[in-house]
Every structure is written in structure tokens, then in C-alpha cells.
Amino acid sequence: MVPLNWYLMLSAVVFMIGVFGFLTRRNIIIMFMSIELLLNAVNISLVAFSHYLQDMRGQILAVFIITVAAAEAAIGLAIIIALFRNKDTVHADEMSEMKG
Amino acid sequence: MNNYLLIPFLPLAAFLINILFGRKYLKDNAHWVSILAVAGSWVVTVITLLDVLSGKVVNEDIYSWIVSGEFKVSVGFLIDQLTAVMLVVVTTCSALIHIYSVGYMQGDKGYYRFFAYLSLFTFCMLMLVMANNFLQLYFGWEGVGLCSYFLIGYYFDKKPASDAGKKAFIVNRFGDFGFGLGIIMIFLTFGTVYYEPVFSQAKVFAVQTINFLGYDVHLMTLIALLLFCGSIGKSAQMPLHVWLPDAMEGPTPVSALIHAATMVTAGVFLVARCSPIFSLSETALMIVALTGAITSLFAATIGLVQNDIKRIIAYSTISQLGYMFLAAGVGAYTAGMFHLYTHAFFKALLFLCAGSVMHAMSGELDLQKMGGLKKYMPITYWTMLFASLSIAGVPGFAGFFSKDEILWLAYSGQSPVGKFVWAIGTVVAFLTAFYSFRLIFLTFHGKFRGTYEQEHHLHESPKAMTIPLIILCIGAVASGWIGIPHLLGGGEHFTEFLTPVLGHPEAHGTHAEEWLVMAISIIAGFSGVGLAALFYLVKTDIPVMLAQKFNATYKVLWNKYYVDELYSFIIVRPTIWTAKNILIGVTDAKIIEAIVNGIPKGIGEFSRILRKVQTGLLQRYAAIMALGVLIIMAVMLLR
Amino acid sequence: MNLNGFPILSTLIFLPIAGAVLLLLISRSNENLIKWVSLIVSITVFIISIPLFTEFNKSTHLMQFTEKHAWVPSLNINYSLGIDGISILFVLLSTLITILCVLISWNSIKAKTKEFYISILIMESAMIGVFCSLDFMLFYLFWEAMLIPMYLLIGVWGGSNRIYAAVKFFLFTLVGSLLMLIGIIVLYYQAGRTFDILELMTKTYPYQLQIWLLWAFFAAFAVKVPMFPVHTWLPDAHTEAPTAGSVILAAVLIKMGAYGFIRFSLPLFPDASRAMTPVMLTLSVIAIIYGAVICLAQTDLKRLIAYSSVSHMGFVTLGIFALNSQGMEGGILQMINHGVVTGALFLSVGMIYDRTHTRQISDYGGVASAMPVYASLFMVFTLASIGLPATNGFIGEFLIILGGFKANQWAGVLAATGVIIGAGYMLWLYQRVFFMETNQKVAGLADINLREIITLLPMIILIFWIGIYPNAFLGFMHESVKHLLERVNSGSMHEVGVAKNILEIIK
Amino acid sequence: MLSELFFGYYASAIVIFSLLVVTRSNPVHSVMWMLLLFFHIAGLYLFLNAEFVAAIQIIVYAGAILVLFLFILLFLNLREELKVKRFIGAWPAGLFVTTALLVIVLSVVRSFVPGPAGKYSIEFIKQETHTKALGKLLYTDYLFPFEIASLVLLVAIIGAIVLAKRKTRSK
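Chains as they are written, first to last, in the numbering used here: chain A, 1 to 100; chain B, 101 to 739; chain C, 740 to 1246; chain D, 1247 to 1417.
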């Protein structure tokens, strides 16, 4: 039997890879994909919890997260399109309109 | 409802009708409303006068005007002998001048406006003289000032006219400043502003002193002088006389009504009205007398050299007003009032004649361009001649009796400055006769000096103008006959009539002295006339020669002692300069705004440093956030 | 006296908001409907407020038309309304002024009409709310709520430099009112957790605390008035604001400062107020003369009238801090007068600005020839502004100078000089604008139309009504003022030295 | 033993694919690696007896979201994209922060203590079937959040349309 902790560690590793991708990639689409990684990492933990604790709530949460991820992807990508139209770039470090 | 209420409110109604409907509906018929109203007032005045003659004095409140704490004042009316005299003067002059204006203002585009203002003025003046308390007096006081402002600036599209109107109002405000404070002092002293309790209690405070702005002053002197400030402004006495000559920019009927016969005499009326207060302060009376004497001399000297026909009469008005104050200052209030009453007739007449001359000369005012008008306008000539005889104090005419009474009472009264002001008065009598006849001779005698068109155009004025002239002329000649002194076998009815209000003036002198004073004043008058005749009829080159010889003096007189320039230099310009350069430039801009804008600016500087952190880079923010999570977790673990 | 339980004050407060919501639902293109709806709403509010005037019981100082409901019970905050002789006139003034603001903006506001009228109506609610609140939290809520529509009015529909003016206005007033908020909270704990104004007024506070709180409240009120050193926002705000904005600002908004002094500072901190009287009188006199003199150098119509407001409000504060019934009643009446007269002046200036689009005095001249009716109405306002007897200005100024003189001779005398200068700048203004030769820019202008005459007519009526029969208005105040003065003047006089020290510093 | 091996394979594949996703310079490659990653995650879910979630993982993620990503990538200038730098200048800082965080998280995972077990044991699910059990719970206890989720999706649909729509110039 695989211990729960392994899943948690796996989840943590994937999560941190996602964080790394988000923090360092210039391409905003890849940054976006990194966010999907983060969500998936969380899902892994949730499903694992659900299995080991014999409780359905973890999976229900996972289902909701997938729903939200879908919505988020749709909106996020639409924003990227709008952004790309206005700015002509997909590189996050070239966008600094909000600077003080 | 008493019918005396009609006296002020008829003209008010006329004003309202004219101002509301005049422009669109009445137009050239506007005068009917005003004339009817003023004539109505006059009729009621006569009835009221008869009542007063039979001893009936009215003093009642109409409605409560202002109530605040212990301060209570009503709109109320007091009709006693003094009021009655003023009522007669005001309504008579007003009615005649309304009629005169029909001819004079014919075809003016603001016809309705002119009559509306005249009626409003009449209303305010009547409110002034009929008040039974100081605040209502103040209401009328400011009201007549306002109408004066309107009417001086009647030709508002001309800059001098609008300047003069404004000047009159503001200069008067200086006087009213004192007047207002005087009323406040009266309230604080007596707890009321009604005449009756104030005058009856005035003696209680006769010796009291009060701390005013850090100085201990005699209470009654303080109140009297504060009130006198108002008089100085309204009656154009030194040093606030500057507005009256400029006020001649207004139409001539206005000059006659407001700036000769009625409004400017309100100051004298005020002093007479407050005689119970003034009588309690020798200092105040002395100041009144000296102010009047000096002003009358001062204005008369300026009048000697002016060439503007209306301005000469204006200076003469100032001078005569000075005479009235001189009288009041020596305690001869009745004499002052008497002169006020006769002066109203002959001075209004002088102005109206001047207006008639202007009418014929197409608005020309310069004496040097006139001459020989006698044959073209005989009525004007004769009426003006009678008016001038009256003002010059030729025996038998109205001016003689009032002037003589003043001089005699100044000479014989108890005032410490009596003899001094008598001397000045006599000199002024001489000067008055001189400049009055200089005016007559330059205008009506000799050769015509104007342009050909003007000469061609000369004509006598229409009936609407000449009839008031004739009526006023009767007044200028005969109005003095009700006050013929005992010495000449008269009854001094005028003085007797006013005695209940103003008291009987004291005279300490022998008949011989009285004869002497009278003789001196007659000589002064005749020599003035004679000198004028010499200068302007016989040897016309003398004035030019004198002007050249005493060039400096002539210049000072011609420029009216540079008073206007002085005021402009010490008051007007520094104030505006301060406003512009110090208040706007330094206080507001450099001090207050610097502090006010400095604080936000400091905050702005600080935030300019802080905002460097806000790079706008998404990942930078995310990294910092992650770092934050890291630190928090590390702290939690290490604890 | 609650009119059969009808919550009249709440109706007054919430009806304009309801009107604003209604406007929200109207299509923005339907401008006429928007205007008419806002006009009808404002007139309805005014009509509803008339019973306050007729049904008011003048023989008591107690609050009338009161309403009280628990709002946040845990903090003891109540929804508590009521008016007395001091506030009633301001409520009426607010409802009247709103109608005029709607009328004057009829043609001059062309962009974002809908939002404009919504702002005006919300403004009305907040103004009425301020004058009716009997709970400090509620009061503070309305007090601050008022800033937002005003800020928008200046910032959106203002002149060329509007943003600067709007931000300046906002910051000035906000800084002041935040200090007041602190004061309110301190008071709340000091008095045992209550925001009830009437209850707070019955308590006594330690002298030192009173001084501190007085200054905290002073900050809020003095900025609004505005008193001398903090007046600089007013000219900017007035100059840049649209006509309706200037009118509300002049007529109601700046009254709230003085109202605050009367309603809060004096009864809450009687000892401190008495001790600070010399300071207040000094500042008032400075404001009177300073504001008047500075007017002489103005070249901008609205700016001149704005500075004249500083001077006139100096009279108001002088009257209030004279602490006698003449001064106080004169001060309250003068607030109404100033609202009427300066409001009317701004309305008039707005009318001619709509025609010429210039505020420079030098661009005018000879307007009286082109627009006689307008000129005569403006003349009435000018005269009322310089305090001619028979207009309302005289009654107020005279009572104030009388009261001021009674309290301090110098204050009375110096204030009276303000009247002289007042005549100077107003008549000079009138001369430059209306008299002399007709300027090219004003030749052939159409005289004011019926709508504009109707806009000005209530002001004319009020000017003469107050001027000729002021007791109709003074009558409301007698009892309230008497009661207030009893509260202020009772108790022992504390150290006057503090005030002297402060005076030294000012010198 | 078998299960450990199985887990080991999936775990290492997931980690490697994740790394590939975030490091490839060609975004299309990243998407492809991500597709593989999602399949492996779905496998892991199966391994955890969550067949419904696994199915959704493939349908929604692989089927819908990744297609969306690919679709967006078509907008971009890929050739240009390949030439420019893929990381920001300060990437070592990011690496440091993430590793540090990872170390901390991993060090605390061990101290995790599972709570009491619920009623959804393997036997129970076997009897009930997984999808039914999930569905029952979703439509009874979690009906309200479920409806909210549907609203979220609706808003997202509308929002995406509004945002992505080309602005037509107003009349």
C-alpha cells in the first residue's frame, strides 16, 4: 500500500514546479498552464485524501475545482486574446501598465 | 388705518407700478402714476400739517420689524412739528420736480425708470423723516442713498455717471459706518432705539463715560459724534464731501431734488432730531459747528473758480449745508431747520434753472460758452435771478431771513466757538453772493460765447418746466416770511412752531448788536454781488489777471484742494494694491497655499519613492507573494 | 407634533434617493423626461417640507417631528431624526435650493445629464439628512455622503481646472471631518457609549478634554465654513463648479460648518467655547476684512463672489461666537441670507455665463442695456449682498454687528468696516459688468427667459420677505437660541489664559 | 510492491512531464507534454478508485481546456516565440523561492496525521458504484454549490465572449 504522504509529496512537487513556471516564464500562456499545474497538484492531494480518509468530499471538491478551472481557462484565455490585440505581445515582463 | 400712512406708501406704490409695468406698458405715460402719487402725498401732507398745527402729534407702531432677545424694533411713525416741516419740504419739492421732469426727461429711453426711482426716493425720504426709531431712520437713510446711487448713475452707459454713483454710495457708507455704530451704542446704552424713550432718558447719562475701544470717552459725545458721522456723509461735509460735486452727473431734476433740496439735508435733520443728545455734549456741538463752518468756507472758495454750472451750484449746496450745521452746532437747531426749509426752495430752483439752461444749450455745462441768454429765456432768467438774490441774502428774500437768523444766533449764542463761526459765516455770505452772481452774469449777460448751432437752438423751456420754476420762485422769495425776526417786526413763527421739539435757541445780545450783525451780513451780500458785477460785467479782464497772478492758489481751488487725489492716493489705491499684491500674491498664494499644498506635496514625494516598488510586473508581485508565504511558513516552523 | 405619525423627515430624506433610483431606470437619451422627473421630485420634496414651516411649534426648544429607530443596537447607533428652531430653516433652504439647481441646469448641462440629476438628488438627501440627524453616526454618515456628489459635480461637470478644484475640495473637507470622527468616537466612550446627540449635550466633560474635542470639531466645521486660514479651497471649488454646484456649495454646504458650531461645538463644549471666543472672534474679523479686501482685486466673477462668501461667513461665525442672542440669531439668519443671496448671485452668474461663456469681468460691460430685467434682478441681489435695509442682508448683518459689538467692541467696529468694503467691491463689480459702454461680447444678448425668471423669483421674494418681516424667520429661533445660550453661559468660567496663549501664537 | 512500482512510475512521469511543460520553449510542445501529464494524472486517479474524477480529468482538461490552449497558441507568432528568451532575467530567484518552499513543505508532510475515516469505504463504493455515490452526494448535500458552479460557468461563457469579441466601433 502506498502511503498517503507520497501522494502529498508528489502533489507538493508538482505544485512547486507550477509555481516555478509561473514565476519565471515570460510567455503568459505558459504561465497560465502553470496555473493549471497548480490546480492539478491540489486535485491530486484532494483525491488522495478522499481515498485514504474514505470520504467523498475530497472528490466533490476536485470536481468543483475542475469546473472552476474550465471557467478560469475560458476567461483567462479570452483576456489573453484581448491583451494580445491591444499590446501585441504575450510576454508578461513587457506589460507594466500598472506600474506606479 | 391712519391716512398719514398714505404719505410714504403712495410713492412706493407708484414705484412698484412703474418698475413692474413701466418698461412694457406705461412707457411715455409713466409720469402720470408718479405725479398722481406724489401729489396725493402732498395733499395728505397738508392735511397732516394742519393736524400738527392744531397740536396733534402722532407716534405709533405699525408692525414689529425685528425682534431678537431684548432687541425690539418696529416699523412706526412719528409725526411731530419737525417731521411736518420736513414732510412739507419733501413732498412739495418732490411734486414740483416730478412735474418739471416731464418736460426735462421727455423722450428719454429710461423714462419709466426715472420716474420709478424718483418715486422710490420720495418714499425712502418720507420713511426717513417719519420714522419713530433710529433703525427705521437708518432704513430711509440707506434707501435715499440707494436712490441717489441709481439716479446719479442714471445714464449708466457713461463711465463718469456710473463712477459718480458708486462713489456717492461708498463715501456715504463711510458715514453710515459711524451712524450704524451710533445706533448700536444707543441700543446698548438705552436698551431701545425708539426716539421717545431715548430722548427722555438722555439726561440720565449726561455725565457718564464709557470705555470705547480702550479709551474712556464721554458717552453722549461718543453717541453724538457717531451719529454725526452719518450726517457728514449724507450731507457732504468735510471730509466726506467729495461725492456731491460728482453727483452732478445725474439728470438735473435729480440734482435739484436729491442733491439740493431733500436728501442732503437729511444730515441736518438727523442732528436736529437728535438735538436732545447733541445738547448734552458741548464737544460734539463744537465739532458740528466747526465742521459746518469750515466746510462752508472750503466749498465756497472752490465755487469761486469753477466753470461747470451745476458744479458751482453743487459747491454752493455743500457750503449752505455747512451753514445749517454751523447753526445746529451753536445750538440753533431751529435756525438750521429754517435755513434747510428756505434753502430747499431756492436751491432746487437754482438747479432747475440750470437744467433749463442746459436744456436750451443742448446739454452744455460750461459757463465760458454761455452768455446773453437773458433775451432768449426770460422766465428762466428772472426765476434764477430771484433764487440768486435769495441765496445771496438780499433783504426781503427767503435766504436773508434764515441766514441772518443763523448768523445772529451764532454770534449771540453760548457756544465757545460762536464768534469764530460767525466770522466765517459772514465771509461765506460774501463769497456766496459773489459766485452766485458770477454764475448769473456769465450765463445770462454779456455776449453769447458758444457755437453758432447752439445759439440758433436757444429757446425757452416748455411749460412743464417753467411752471415749477415759477412756483418754486414764489417759495424762494416768500418762504422766509414765516420766520421774520422780532427785530423786524415779524413773529418768528417758524421757530415757535418747532420749539416743542427743538427747544428755543438762546440769544444773549442787545438789539444794537443784532442790528449790527444784520448790517454786516447785508453788506457782505451786496459787496459780493457788486464785486461779481465789477468782475464779470464791467471789467471782464480782472478775473483772468487775478488767475494769472495767483496762479498757485487758483490751481488749488480749480482742483478742489486735491482732495479726490488725496483719497485716491491714501485709501483707494493702497487698498487695491494690498489686495492684489499682498493678500492674493503673498498671503493666499505664498503662505496659506504653500502650507496647504506643501503637506500633500510632501506626501507625494514620499509616495514617489514608495511607488518604485510598484513595477507593474506581474511576476515580481507573485514572487514577492511567494517569498511572503515562505517567510511566514519559516517563522511558523522555527517557532 | 408628528403629523399623525407620518415620518415626514424620513420622507424628505429618502424621496430624493427614490427619485435618483427612478432616474437610473430612465434611458439616458430621454433627457427631457429626466429633467422633468427630477424637477417634479424636487418640487414634491419642497411641498412636503412646507408643513415643517407651518406646523412648527415655536414655543419650545425641544426637537420636533422626531423619529427614532434602532439601527445598530450592538453599538447603540440609532436612526434618530428631528429638527428644532435652528435646523428647520436649513432643511427648507435645502429643499428650495434643489429645485432652483434643477431649473438652472436645464440647458447648461449637456453631457451626462442623467448622472448630473442623480447627483443633485442624492445631494439633496444628504443635505437634509445632515440637518435632521440626532445621532452622531447618522450625522457623520450624511456629512461624508454629501462629499461624493459634490465631488462629482465639480470634477465631472466643472470648468477647465475642475480636477484640481475637486480634489482640493475633497481633501480639505475630508481631513477636517476625519478629525471630527475621532472626536465623535472619543465622545462616545467618554459619555458611556452613546451617539445620541441630545443625550451627549446634557453631560459635562472635563475642561481639558473639551478643549481638545473643540479643536477636533473645529477642524471639520472651520473648513466647511470656511474660516480664515482654511478658506482657499472655496474660491477654486466655486470657480470650477458648474452653476448648480456653486449654488449648492454656497447656499447649503458651507452653512453646515456654521451649523455644526451651533449644533455641536457650543452645547457640547460650553466651557471650551467660551474660553476660545477671543480666538474665534479674531478669526472671524480677519475673514470679514480679508475676504472683502481680496474681492477688490478679483478679475473673475465667480471668484469674486466666492471670496465675498468668505467675508459673509466671517459675519456668521462672528455672530455665533458673540454668544448673545442678537449675534446668534443674526448669525443663523445671515446663514439663510447668505444662502439666498449668494445662491442667487451664482444662479445669475450662471445665466450670463451660459450666454457668453466667460467669467472674466473685463469681458463684460453695459449688460444693463442688453438685458434690463436681468440687470434689475441682479441689482436686488447686489443690494442684499451689501446689506441694504429692507433686504435680508441688513437684518442679519445688523444683528451680528450689534451682537459682536456687545461681545467685543473691536470685533463690532472692525466687522462694520467689512460692510463698507462690501459695498465697494459689489458696486464696482456691478458697474464693471452692467454699466458703462456695451462690450462687444454682450451686445445683443437675449434677456433672461421665463424659466430663468422663475428660478430667481423665490430668491427675490425671500430677500424682501426676510428684509421686511424677518420675524417670520427669527420667530423660529428664539426658544432654541435661548436654550442654547443658557447651556453655553451656565457653569463657571474656566481659564481664559489658554485662549490668550493661542492668540499670542496667532499674532 | 506492485502498487509502489505503479505509483513510482506515475509519480516520476508526472514530475518529469510537469518539468517539461514549464521549461519547453515551444508552447505547442508544452501543451503536448501537458496532455500526457493529464493522462497520467487520470491514471493516478484510477489508482485511487476515483474513476469519475479520472474521466472528467480527461474529458474536461484534455478534451476541452488543452484544446483551448492550442487554439490560442495559433494566434501567436510561434516562430518569433522560439527565438526569444523563455525565462525572465531573475529566474534563479524564482528557483530559490520555489525550492525553499518545497523543502519546507516536504519537511512538514511527514508530520501529517490523517483524521478519522468516513463511511465511503471501498466496499461501500463497490456496492453503490462510484459515480452514483458521488452523484447522490452532489445532488443532495452539495446541490447549492453545484448550482453556483453552473452559474460560474455561465458567467465564464458570457465573459469569455464579451472579452474576446472584437470591439466594433460604436455608432
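Simulated from the structure, these hints should not be mistaken for laboratory data. Treat the numbers as computed from the prediction; the structure is a model and nothing was measured. Note that CB positions come from ideal geometry on N, CA and C, so glycine has one too. Do not rely on the hints blindly, as some may be mistaken.
[As the list claims (entries may be wrong)] Below 27 Å or equal to it, Euclidean Cα-Cα: the simulated DSS-like pairs (lysine-lysine) are:
(1) B/K172 with C/K1180
(2) A/K99 with D/K1331
(3) B/K712 with A/K87
(4) B/K259 with C/K1180
(5) B/K172 with C/K942
(6) B/K563 with B/K474
[Claimed, not checked] Short derived list, chain B residues pointing at chain C, Cβ under 7 Å:
(7) D151
(8) V157
(9) V158
(10) N159
(11) D161
(12) S164
(13) L246
(14) F256
(15) F269
(16) F274
(17) I623
(18) F626
(19) A679
(20) K680
(21) V686
(22) A694
Hint by hint, here is what the structure shows:
1. B/K172 with C/K1180: Outside the cut-off at roughly 49 Å; violated.
2. A/K99 with D/K1331: Holds - the C-alpha atoms of D/K1331 and A/K99 are around 23 Å apart, at most 27 Å.
3. B/K712 with A/K87: holds, 23 Å
4. B/K259 with C/K1180: Distance ~18 Å between B/K259 and C/K1180 Cα, so the pair holds.
5. B/K172 with C/K942: Judged against 27 Å, a Cα distance of about 34 Å means the pair is violated.
6. B/K563 with B/K474: Answer holds: B/K563 to B/K474 is near 18 Å, not above 27 Å.
7. D151: violated, 28 Å
8. V157: At about 25 Å, which exceeds the 7 Å cut-off, the nearest Cβ of chain C leaves the hint on B/V157 violated.
9. V158: Constraint on B/V158 not satisfied, violated at 22 Å.
10. N159: This hint is violated: B/N159 lies away from chain C, its Cβ roughly 21 Å from the closest one there, beyond 7 Å.
11. D161: Because about 13 Å separates B/D161 from the closest Cβ in chain C, which is outside the 7 Å limit, the hint is violated.
12. S164: B/S164 check passes; min Cβ-Cβ to chain C is 6 Å, inside 7 Å.
13. L246: It holds, given that the least Cβ distance between B/L246 and chain C is near 6 Å, below 7 Å.
14. F256: Cβ of B/F256 sits 4 Å from chain C, so the hint holds.
15. F269: Holds, because the Cβ-Cβ distance from B/F269 to chain C comes to roughly 6 Å (cut-off 7 Å).
16. F274: At 6 Å from the nearest chain C Cβ, B/F274 passes the 7 Å test, so the hint holds.
17. I623: violated, 45 Å
18. F626: violated, 45 Å
19. A679: holds, 4 Å
20. K680: Holds, about 4 Å.
21. V686: violated, 11 Å
22. A694: Violated, about 10 Å.
Figure legend: structure checked against the earlier numbered hints; hints not met, in rising order: 1, 5, 7, 8, 9, 10, 11, 17, 18, 21, 22.
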